[in-house]
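For the protein sequence lines, the chains are A and B, in the order given.
Quick note on numbering: this note's numbering labels position 178 of the first sequence as 183, and the sequence is numbered without any gaps.
Quick note on numbering: this note's numbering labels position 221 of the second sequence as 226, and the sequence is numbered without any gaps.
The hints are simulated quantities; they were obtained by calculation from the structure and are not laboratory data.
Backbone N, C-alpha and C fix where the C-beta goes; we use that ideal spot for every residue, glycine too.
Keep in mind that a hint or two might mislead.
[Said to hold, decoys possible] 20 Å max Cα-Cα, derived DMTMM-like pairs, lysine to aspartate or glutamate:
#, chain 1, residue 1, chain 2, residue 2
1, B, Lys304, A, Glu229
2, A, Lys304, B, Asp398
3, B, Lys338, B, Asp398
4, A, Lys304, A, Glu242
5, B, Lys304, A, Glu292
6, A, Lys304, B, Glu292
[Unchecked claim] What the simulated footprint calls covered on chain A by chain B, stretch by stretch (three residues with Cβ under 8 Å from a Cβ of chain B suffice, anywhere in the stretch; the number is not a length):
#, segment
7, 226 to 240
8, 350 to 363
[Said to hold, decoys possible] Sample of chain A residues at the chain B side, in silico, Cβ under 7 Å:
#, residue
9, Arg160
10, Asp202
11, Leu203
12, Ser210
13, Ala254
14, Leu299
15, Ala301
16, Met336
17, Gly339
18, Ile340
19, Leu342
20, Tyr382
21, Ile453
22, Leu468
23, Gly471
Number of protein chains: 2
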Amino acid sequence: MGTILEGLAASGLEAIIDQGEARRAEHARDWWARNELLDFQGTPSASPLAVVTPRSTEEVSTVLRCARETRTPVIPYGGGSGVCGAIQGRPDAIVLSTAGLDGLISLDDGDLLATFGAGTNGMAAERRVQEDGLTIGHWPQSIELSTVGGWIATRAAGQFSTGYGNIEEIVHDLVAVLPDGSVVRTRRTPRSAAGPDLRQLFLGSEGTLGVVTEVTFSLRPLPEASRGQAISFPSLEAGIEGTRRLMRAGFRPPVARLYDDMESARNFEGACPDGRHLLLLLHEGPEALVAPALPAVAKLCAEVDGTEHDAAVVDHWLERRNHVPGFRGFMEKGIILDTIEVAAPWSRVAELYHAVVSSLREVEGILIASGHSSHSYRSGTNLYFTFLARPADAADMARTYDECWRRAMEATLACGGGIAHHHGIGRVRRDFLADEIGTEGVETLRAIKRVLDPEGLLNPGALIPGE
Amino acid sequence: MGTILEGLAASGLEAIIDQGEARRAEHARDWWARNELLDFQGTPSASPLAVVTPRSTEEVSTVLRCARETRTPVIPYGGGSGVCGAIQGRPDAIVLSTAGLDGLISLDDGDLLATFGAGTNGMAAERRVQEDGLTIGHWPQSIELSTVGGWIATRAAGQFSTGYGNIEEIVHDLVAVLPDGSVVRTRRTPRSAAGPDLRQLFLGSEGTLGVVTEVTFSLRPLPEASRGQAISFPSLEAGIEGTRRLMRAGFRPPVARLYDDMESARNFEGACPDGRHLLLLLHEGPEALVAPALPAVAKLCAEVDGTEHDAAVVDHWLERRNHVPGFRGFMEKGIILDTIEVAAPWSRVAELYHAVVSSLREVEGILIASGHSSHSYRSGTNLYFTFLARPADAADMARTYDECWRRAMEATLACGGGIAHHHGIGRVRRDFLADEIGTEGVETLRAIKRVLDPEGLLNPGALIPGE
Numbered sequence: 006m007g008t009i010l011e012g013l014a015a016s017g018l019e020a021i022i023d024q025g026e027a028r029r030a031e032h033a034r035d036w037w038a039r040n041e042l043l044d045f046q047g048t049p050s051a052s053p054l055a056v057v058t059p060r061s062t063e064e065v066s067t068v069l070r071c072a073r074e075t076r077t078p079v080i081p082y083g084g085g086s087g088v089c090g091a092i093q094g095r096p097d098a099i100v101l102s103t104a105g106l107d108g109l110i111s112l113d114d115g116d117l118l119a120t121f122g123a124g125t126n127g128m129a130a131e132r133r134v135q136e137d138g139l140t141i142g143h144w145p146q147s148i149e150l151s152t153v154g155g156w157i158a159t160r161a162a163g164q165f166s167t168g169y170g171n172i173e174e175i176v177h178d179l180v181a182v183l184p185d186g187s188v189v190r191t192r193r194t195p196r197s198a199a200g201p202d203l204r205q206l207f208l209g210s211e212g213t214l215g216v217v218t219e220v221t222f223s224l225r226p227l228p229e230a231s232r233g234q235a236i237s238f239p240s241l242e243a244g245i246e247g248t249r250r251l252m253r254a255g256f257r258p259p260v261a262r263l264y265d266d267m268e269s270a271r272n273f274e275g276a277c278p279d280g281r282h283l284l285l286l287l288h289e290g291p292e293a294l295v296a297p298a299l300p301a302v303a304k305l306c307a308e309v310d311g312t313e314h315d316a317a318v319v320d321h322w323l324e325r326r327n328h329v330p331g332f333r334g335f336m337e338k339g340i341i342l343d344t345i346e347v348a349a350p351w352s353r354v355a356e357l358y359h360a361v362v363s364s365l366r367e368v369e370g371i372l373i374a375s376g377h378s379s380h381s382y383r384s385g386t387n388l389y390f391t392f393l394a395r396p397a398d399a400a401d402m403a404r405t406y407d408e409c410w411r412r413a414m415e416a417t418l419a420c421g422g423g424i425a426h427h428h429g430i431g432r433v434r435r436d437f438l439a440d441e442i443g444t445e446g447v448e449t450l451r452a453i454k455r456v457l458d459p460e461g462l463l464n465p466g467a468l469i470p471g472e
Numbered sequence: 006m007g008t009i010l011e012g013l014a015a016s017g018l019e020a021i022i023d024q025g026e027a028r029r030a031e032h033a034r035d036w037w038a039r040n041e042l043l044d045f046q047g048t049p050s051a052s053p054l055a056v057v058t059p060r061s062t063e064e065v066s067t068v069l070r071c072a073r074e075t076r077t078p079v080i081p082y083g084g085g086s087g088v089c090g091a092i093q094g095r096p097d098a099i100v101l102s103t104a105g106l107d108g109l110i111s112l113d114d115g116d117l118l119a120t121f122g123a124g125t126n127g128m129a130a131e132r133r134v135q136e137d138g139l140t141i142g143h144w145p146q147s148i149e150l151s152t153v154g155g156w157i158a159t160r161a162a163g164q165f166s167t168g169y170g171n172i173e174e175i176v177h178d179l180v181a182v183l184p185d186g187s188v189v190r191t192r193r194t195p196r197s198a199a200g201p202d203l204r205q206l207f208l209g210s211e212g213t214l215g216v217v218t219e220v221t222f223s224l225r226p227l228p229e230a231s232r233g234q235a236i237s238f239p240s241l242e243a244g245i246e247g248t249r250r251l252m253r254a255g256f257r258p259p260v261a262r263l264y265d266d267m268e269s270a271r272n273f274e275g276a277c278p279d280g281r282h283l284l285l286l287l288h289e290g291p292e293a294l295v296a297p298a299l300p301a302v303a304k305l306c307a308e309v310d311g312t313e314h315d316a317a318v319v320d321h322w323l324e325r326r327n328h329v330p331g332f333r334g335f336m337e338k339g340i341i342l343d344t345i346e347v348a349a350p351w352s353r354v355a356e357l358y359h360a361v362v363s364s365l366r367e368v369e370g371i372l373i374a375s376g377h378s379s380h381s382y383r384s385g386t387n388l389y390f391t392f393l394a395r396p397a398d399a400a401d402m403a404r405t406y407d408e409c410w411r412r413a414m415e416a417t418l419a420c421g422g423g424i425a426h427h428h429g430i431g432r433v434r435r436d437f438l439a440d441e442i443g444t445e446g447v448e449t450l451r452a453i454k455r456v457l458d459p460e461g462l463l464n465p466g467a468l469i470p471g472e
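Just chain A, same shape as in the assembly (with noise of 0.2 Å):
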């Protein structure tokens, strides 16, 4: 038994690996601003052995079948711009890159259905299927960087998740290969009853179980109309009644998010009086449904003291959304922050907001947090939480990171809350993952994982503990 690249290379596909020393230290992290945080402190994600970037189907089935054979550790990569810590390169695995799988395979606009390889980049497939005058209605703030695939592997929630859905409600069918090379192909159909729902093997695994190779997403067309709104809260809690209500009427914006005082004051300065706490919608959809919901969800939103604003931030939030600040330059200044997402019924959210608020700031050096929610469900919502924190020593910039993290996972636990919204659990929240679905969920997870991957190849260390 020789090297899975010596495997590889027997099988005819020398020309998808890649072992030069750049590519390879490229690919040996993902956004997590942990190993951000280690690779500024001089200490960088291992790399991989090699970068390998089958282009088919097959080509990824043949990348497996080695990686079994020769006992070779495989870690599927996307975008790279996970920010959980799924990615995290060692030296003696491969990194498979799906940036082979790229690109648009066939579009129905009768059935509103597109096909694209894996490894293509969201905006480029969101672009190609709106020259069709359609849109895929998946806005992750990584969709200029993630790709369709990382997409499914996160199980992710785009930005107008209230009204289109997520990720799980959009992907219409797809195709996988299993850690022992067998291809799985969902059926093109739009509802089933046919055994549990194998699409969801892979919605949420993290590259553990499976590589995801083409994803079918099931299409809406461009809105005839989309119109923004602003309504202010004087406290959050009439903030999340407001929205609360609105949800429980059965108005779906596509947008729906709630920014606290702070955020609100931050993030638009002007768009309503400090100390009002912002809930920003866009309403789309056919003309005849979204002239009246406007109205209509402002009379809502009054009954709670909300106020109408100018909805000309709504357009300045658009324009803006997907502006993320790089890590580096805080860490230059010697401070650490991060964002975490977590959910709740609505009955725990307030609660869940002030005990991780208040727990955050009991941290040395702790600078900001605040938190806004930003995708709503008939039974609660989200909530987004940004934490910034300067501690005296630039030394323990890791341990204060650790401590705001376990703070936030911890108060969400004691608040019923759940831990991982839509970003994933990847090693940040690996050790948290029991008290989220239990001792028996993390061994039914375990063993579904033994039995696909018995010898435990396909990204070890990510999202299973103990693995």
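Assemble chain B onto chain A, guided by the hints.
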């Protein structure tokens, strides 16, 4: 190692065992027409050795542990209203009835969450939340007979699914017991990216992977407005096109049912001119959105020769929608009958309809082969076929039945359709499962089955071929 009944008695659970002959016979099968036919012809399904009715999740866990220790097959049983043969007794098995897991556990109006024991009757659950002005919004035709746990196990769809979603979009969280007796509780959070969604293991599992014991639904308030609309089309193709257009535009009437000309005339005499194809819609939601939806939809449908009719026919359907004539009366006349639901992308729906109906018409003794669409999506719809046949020799009824099913499945597959929209696989579709999800899909399901249930004790013979 004694018998399971001795084991249960030793665990203090003697009270939950019923070995009475009548009760065992009642639990020997579900409503699958083929088993009813065999029963009618004098060879009823075998009775189980006992019906065991645990009263708590803990007791379910004890039963499954005893079953594993004594290698006893266990057939989980909800309302027994399945129509695919997932329940079929055997003399060495116990039936685990969920009837002891009955009633409301909690109801939160603010969070729109209601938790029920899995054995709660569907209509009882719906009535309970309606007392508080809420609705589950899941209306399978079996609602008077089926249980909320059965809805999960079969991956059910309700008559209001076009607006309110299928069961997987209504279930919020659940509790299930795995074959080893361990208890999985999914977190009460509106959405999660904490690994693959464990609820999906049970949605569609048909009792083969575990026993659901509690189900929490995300409810809706009873709608402010509810308005019927009836539109007829000159051809099935025009009706499909009208339905496609209204879905594409973004309208989501909870009910959207398009009947072929035969069913339009048979079920709704006088509602539209003979030969036309009737679309029944029910719009629900806030008055602000329902009122403008009707004229907008009428306008869209008029573009493909859709003509509006008196909407009283929708009330007529609402009143009679769960009335299903028993099979037995037909069998006494030598007639075998059943319904078959499949699904396809819009572009293949008409072709699929004609292929199935034409193929069924070739069956000797066929009396009726007709269909309608009852659950629509952005990218396609289902088709729900009805067949009645009277073979020359009544002894051929089972053979004729099998032939009708085989023809419908083969024609569906030839048109790229999905073989099971919402009734499930059971035994009637089991041998077609590999055509639906591929050999690799079946092997994946089998691998998960074997790791969770290595002895193959949970509902052997249902769903997974060759188990």
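To see whether the hints hold, each was checked on the structure:
Annotation: proposed proximity of lysine 304/B to glutamate 229/A holds, straight-line Cα distance about 15 Å (limit 20 Å). With a C-alpha separation of about 68 Å, the suggested pairing of lysine 304/A with aspartate 398/B is violated against the 20 Å cut-off. In summary, the hint linking lysine 338/B to aspartate 398/B is supported, as the alpha carbons are separated by about 11 Å, within the 20 Å threshold. Straight-line distance between C-alpha atoms of lysine 304/A and glutamate 242/A comes to about 18 Å, which keeps the hinted pair within the 20 Å bound.
For the given pair, lysine 304/B sits about 13 Å from glutamate 292/A by alpha-carbon distance, which is consistent with the 20 Å threshold. With a C-alpha separation of about 13 Å, the suggested pair lysine 304/A and glutamate 292/B falls inside the 20 Å cut-off, and the hint holds. Check result for the segment 226 to 240 of chain A against chain B: holds, 3 residues qualifying (beta carbon to beta carbon below 8 Å, three or more required). A count of 3 residues in the segment 350 to 363 of chain A with a Cβ less than 8 Å from any Cβ of chain B is obtained; the coverage claim is therefore met, three being the minimum.
Because the smallest distance between the Cβ of arginine 160/A and any Cβ of chain B comes to about 4 Å, under 7 Å, the interface hint for this residue holds. Interface restraint check for aspartate 202/A: the shortest CB-CB distance to chain B comes to about 5 Å, inside 7 Å, so the restraint holds. Here the hint on leucine 203/A is kept, as its CB sits about 6 Å from the closest CB of chain B, short of 7 Å. Residue-level restraint check for serine 210/A holds (minimum Cβ-Cβ distance to chain B is 6 Å; threshold 7 Å).
Given the 7 Å rule on beta carbons, the hint for alanine 254/A holds: about 5 Å separates it from the nearest Cβ of chain B. This hint is violated: leucine 299/A has a C-beta 10 Å from the nearest C-beta of chain B, more than the 7 Å allowed. Here the hint on alanine 301/A is kept, as its CB sits about 4 Å from the closest CB of chain B, short of 7 Å. For the restraint placing methionine 336/A at the interface with chain B, the shortest Cβ-Cβ distance is roughly 26 Å, beyond the 7 Å limit, so the hint is violated.
The interface hint given for glycine 339/A is broken, as the beta carbon of that residue sits about 31 Å from the closest beta carbon of chain B, more than 7 Å. Restraint check, isoleucine 340/A versus chain B: the minimum CB separation of about 27 Å is more than 7 Å; hint violated. At its closest, the beta carbon of leucine 342/A sits 21 Å from a beta carbon of chain B; the interface hint therefore is violated under the 7 Å criterion. Proximity of tyrosine 382/A to chain B holds as hinted, the smallest CB-CB distance being about 4 Å (cut-off 7 Å).
A least Cβ separation of about 6 Å between isoleucine 453/A and chain B falls short of the 7 Å threshold, and the interface hint therefore holds. Given the 7 Å rule on beta carbons, the hint for leucine 468/A holds: about 6 Å separates it from the nearest Cβ of chain B. Interface hint at glycine 471/A: violated, since its Cβ lies 14 Å from the closest Cβ of chain B, which is beyond the 7 Å cut-off.
The structure shown violates the earlier hints numbered 2, 14, 16, 17, 18, 19 and 23.
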